[in-house]
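Student: Sequence:
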Amino acid sequence: MYWFYLSVAIVLEVAGTVALKISSENNSITAGLMVVVFYVASFSFLWLAIKKLDISMAYAIWAGTGTALIAILGWLVFKDSMTLMKVLFISLIIMGVVGLKLTSSTT
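All letters in the sequence shown, in the order written, are residues -7 to 99 by our numbering.
Do not take every clue at face value.
[Claimed, not checked] Straight-line C-alpha distance at most 25 Å; calculated SDA-like pairs for lysine to any residue:
(1) Lys13 / Tyr51
(2) Lys78 / Lys93
(3) Lys71 / Ile21
(4) Lys13 / Leu76
(5) Lys43 / Thr59
(6) Lys13 / Thr75
(7) Lys13 / Ile64
(8) Lys43 / Trp(-5)
(9) Lys43 / Val0
(10) Lys71 / Ala60
Worth flagging that the hints you see were computed from the coordinates, not collected in a lab.
Based on the provided sequences and hints, a complete structural model is requested.
Tutor: Structure follows, in structure tokens:
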């Protein structure tokens, strides 16, 4: 269940960051409010996850996965640049996240 909480926290953090980008592009008050809602919800689920998961591992997975997803969404949705080096380093983030999960003693 704690891994589910962490997954929800990641999705909400990514949604908040996308809302932040939308808000910055068109000064939307609604998108600005959604940033707050998504981030508060994300931290709430992260708080639930770290009740059982190690904070160092949970936070690294939360931040790393969110960073990788935002880089990919930035490229697909917002037309951010994507170079071979970015792909390489995003792949390293993903490998690190998988490694942390595989070495976790929490199921």
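Student: So which of those numbered hints doesn't the model satisfy?
Tutor: Those not satisfied: there are none.
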